[in-house]
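Chemist: If you read the protein sequences in the order shown, they are chains Y and U. Okay, so the first sequence: first residue is 375 according to this note's numbering, each after it adds one. Okay, so the second sequence: first residue is 18 according to this note's numbering, each after it adds one.
In case anyone wonders, no lab produced these hints; they're calculated from the structure. Keep in mind the model is a prediction, meaning the values are calculated, not measured. One should not assume that every hint holds.
Derived DSS-like pairs (lysine-lysine); straight-line CA-CA distance at most 27 Å [claimed, not checked]:
1) 504(Y) / 199(U)
2) 482(Y) / 199(U)
3) 471(Y) / 292(U)
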Amino acid sequence: MTKIKMAIDSATKFYETRSGSVHALDKVSLDVREGEFLCILGPSGCGKSTLLWSMAGLHSLSAGEIKLGSETINQPHPEIAMIFQDANLLPWRNLSKNIALPFELKSKQPDQSRINSLLERVNLKGFENKFPRELSGGMQQRASIVRSLAVDPSVLLMDEPFGALDAFTRDEMNLLIQEIWMETRKTIVFVTHSISEAIFLADRVVVMSARPGRIASIYDIDIPRPRPVDIQTRPDFIARVLEIKGSIDHGRGAAAGLAIT
Amino acid sequence: MDKALGNKIPEFNKKQGESGGSGLAGLSAFGSGDHRSKLETIVIVLVAVVIIGGTEILLRLFNVPQYILPKPTQIVTALFTEWHFLWPHVVVTLYELLTGFFIGGSIGFILAAVITQFPFVEKVVTPYILLLVTTPMLALVPLLILRFGFGSEPRIIAVALASGPMVMINAATGFRRVDLAKIALARSFGASTLQIFTKIRIPMAMPMIIVGLMVGSIFGLLTAIGAEMVGGAEGLGNRLTYYSALIRMPQFFAIILMLATIGISIYIFFFWFGKKWASWEA
Numbered sequence: 375m376t377k378i379k380m381a382i383d384s385a386t387k388f389y390e391t392r393s394g395s396v397h398a399l400d401k402v403s404l405d406v407r408e409g410e411f412l413c414i415l416g417p418s419g420c421g422k423s424t425l426l427w428s429m430a431g432l433h434s435l436s437a438g439e440i441k442l443g444s445e446t447i448n449q450p451h452p453e454i455a456m457i458f459q460d461a462n463l464l465p466w467r468n469l470s471k472n473i474a475l476p477f478e479l480k481s482k483q484p485d486q487s488r489i490n491s492l493l494e495r496v497n498l499k500g501f502e503n504k505f506p507r508e509l510s511g512g513m514q515q516r517a518s519i520v521r522s523l524a525v526d527p528s529v530l531l532m533d534e535p536f537g538a539l540d541a542f543t544r545d546e547m548n549l550l551i552q553e554i555w556m557e558t559r560k561t562i563v564f565v566t567h568s569i570s571e572a573i574f575l576a577d578r579v580v581v582m583s584a585r586p587g588r589i590a591s592i593y594d595i596d597i598p599r600p601r602p603v604d605i606q607t608r609p610d611f612i613a614r615v616l617e618i619k620g621s622i623d624h625g626r627g628a629a630a631g632l633a634i635t
Numbered sequence: 018m019d020k021a022l023g024n025k026i027p028e029f030n031k032k033q034g035e036s037g038g039s040g041l042a043g044l045s046a047f048g049s050g051d052h053r054s055k056l057e058t059i060v061i062v063l064v065a066v067v068i069i070g071g072t073e074i075l076l077r078l079f080n081v082p083q084y085i086l087p088k089p090t091q092i093v094t095a096l097f098t099e100w101h102f103l104w105p106h107v108v109v110t111l112y113e114l115l116t117g118f119f120i121g122g123s124i125g126f127i128l129a130a131v132i133t134q135f136p137f138v139e140k141v142v143t144p145y146i147l148l149l150v151t152t153p154m155l156a157l158v159p160l161l162i163l164r165f166g167f168g169s170e171p172r173i174i175a176v177a178l179a180s181g182p183m184v185m186i187n188a189a190t191g192f193r194r195v196d197l198a199k200i201a202l203a204r205s206f207g208a209s210t211l212q213i214f215t216k217i218r219i220p221m222a223m224p225m226i227i228v229g230l231m232v233g234s235i236f237g238l239l240t241a242i243g244a245e246m247v248g249g250a251e252g253l254g255n256r257l258t259y260y261s262a263l264i265r266m267p268q269f270f271a272i273i274l275m276l277a278t279i280g281i282s283i284y285i286f287f288f289w290f291g292k293k294w295a296s297w298e299a
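Only chain Y is shown next, with the shape it has when bound in the complex (with noise of 0.2 Å):
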């Protein structure tokens, strides 16, 4: 029996609108298991950002609790690092201050030697006088996970890192988190609205369904590492696309919003 490393206890938030109030997460539990990769699919609007930024603290639960081991999580926690959608980076910050920057907000003087063994890792040493604008999509979002694995947190949470990103290098990216979750065993939490991405990263795929956003079901992924990106195209992968797709759609009607790839 694997460690319990996050607890979500019936997850319950409700966002205040003009035109009412909105209803985006209904009790959700989930246990998230330590060195696990886990995705959170569904489709916009289902609360699984919601969800995810209640993890990292960001956003306050109407009801329910979040724990990070015994820890109840109401605030941003230093175990607890984000990835965010289009990088995040810093425009008026080059390449270096960008990923010194939870350092800076620390007050501490940034890990030399890690950072730069981690830009090595990403194949950015030499860019990090570069500002962010004269990167493309793939290099800012590489600059963004070095950012966030430089202060070393032992949960990463990504919130639909490579959706801006194209087809091409969305798989080099996918194939670059693979491996570092290889290396470093870090308890990811991944979400994504792309049922094939789930598939390829997860050990375990969360379903979540809309209105009121809650965990519809969840697959264990148990293909072998590391998976190659042309395992997509295997008759038991797609199988196991359509399954989940096939749930979703059954589950809110023939209308699927949700992409195969």
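On the provided structure of chain Y, position chain U as indicated by the hints.
Modeler: Showing chain U alone in chain Y's frame:
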């Protein structure tokens, strides 16, 4: 096919310089983009030489009297020979400008930073700030002189009143551009509210803050000169009325030359400042 377009590498993903809400001066000037080529610089200097030299030649040719238009050489001579008379007035004007701008600018900046945090307060205050921006503060100078006398105080106050709202309204535009993802990013790494302000909000607002400072200081210069013309016995504005009353045109134009230099220096300073701190947005 458009030839100019035909030679461009398509880069459709690149944002074409967001033009939205970039205030009065526009920020494209800060960009790392087009540098002046050598040829352009030469032509610019050449135009100046032709205009100044041409004026000199024409004025000599037609024997135009000095009180109508002094020759460039006379202006420069006046500038150098009477420098010791003129310099104290430069100091007075600069003192008024810098003091007034510092007071007005800091109040404007702080107000902008605070007010944008409270949308309701901002909505209430903005019309009044607009009123301050659009009403020429020069109009208040006679009143201020009645109250504070002929010293530099009324002029400093007028400069502060002219530049402060300008700084505020532009800085507020900058502070209003919140990017929640960037704030969430800083917060996820444990940033305090103060850190979010200094590391995210201020840099993000910086391009607009610099525009505000630039426009505000130019407004301050205008107001300082105008206020000196209204009353008192010192400052470059006062000297303008003094020399024109005496029809001493070379001195008059020498002062115009100095004012132009001050104005250009302000522009160059903020341009350089913007290049250093706001060039990321271009």
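Chemist: Could you run down the list of hints and mark each one as holding or not?
Modeler: Evaluation of the provided hints:
1. This hinted pair checks out: residue 504(Y) and residue 199(U) have alpha carbons roughly 19 Å apart, not beyond 27 Å.
2. For the proposed pair residue 482(Y) and residue 199(U), the alpha carbon gap of about 21 Å is at most 27 Å, so the pair holds.
3. Taking the CA atoms of residue 471(Y) and residue 292(U), the gap is near 18 Å; set against the 27 Å cutoff, the hint holds.
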